[in-house]
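Asks: Sequence:
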Amino acid sequence: NAGRAPRVRADILEASEESFEELVRINLQGPYFLTQALARQMTARRQADPGFAAAIVFVSSVSAEMASIMRGEYCVSKAGLAMAARLFAVRLAPLGIPVFEVRPGIIATDMTAGVRETYDARIANGLVPERRWGQPEDVGRAVAGLLRGDIPYATGSVLHVDGGLTLPTL
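Here my numbering is used: the first residue of the sequence shown is 101, the next is one more, and so on.
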């Protein structure tokens with residue numbers, strides 16, 4: 101779980117290469133190689149003790165699938181993270197280590213504090229069907245359930261914790 105927004109929200113035609121590199125390093129490269137190291141340890145522990153329970157949950161974002169041209173580098177980094185989750189799910193499934201992806205929507209955190217007023221209005225107008233901000237606890241409870249094994253036989257699954265934001269509607 102790593103994530104930061106761009107330091108400056110900029111149209112994709114204006115965003116800097118430095119911003120892109122920074123977000124890919126933090127939001128994608130870091131979790132990818134951390135997971136690689138963790139998966140090696142989990143694999144060794146499972147071989148030594150077949151009863152060892154292990155699972156991995158990537159926390160990405162609805163931005164892995166929803167385009168936001170004012171923070172394209174963030175979207176690209178989260179889309180890459182979504183693919184990393186799939187790759188690790190395929191690789192680790194035969195070893196009995198499930199991998200999941202949780203895609204939070206608009207969550208009330210320090211990262212979204214700067215756009216609070218904008219999203220207050222959009223949420224009130226129906227952007228999020230549940231008509232509320234997501235809370236860190238919403239995401240935490242979803243991750244905890246996956247790690248406890250509450251959803252077996254579901255490796256590679258994506259769980260949207262977004263109040264219905266990504267539901268296709270007319």
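Simulated from the structure, these hints should not be mistaken for lab results.
Hints are supplied without guarantee of correctness; some may be wrong.
To be verified - Label-pair distances were calculated between CB atoms; the ranges are:
(1) R125 with V215: 22 to 32 Å
(2) T269 with D149: 42 to 52 Å
(3) E118 with R232: 28 to 38 Å
Quick reminder that beta carbons are idealized off the backbone N, C-alpha and C, glycines included.
Asks: Each hint: holds or not?
Replies: Cross-check of the supplied hints:
no.	hint	verdict
1	R125 with V215: 22 to 32 Å	holds (23 Å)
2	T269 with D149: 42 to 52 Å	holds (47 Å)
3	E118 with R232: 28 to 38 Å	holds (35 Å)
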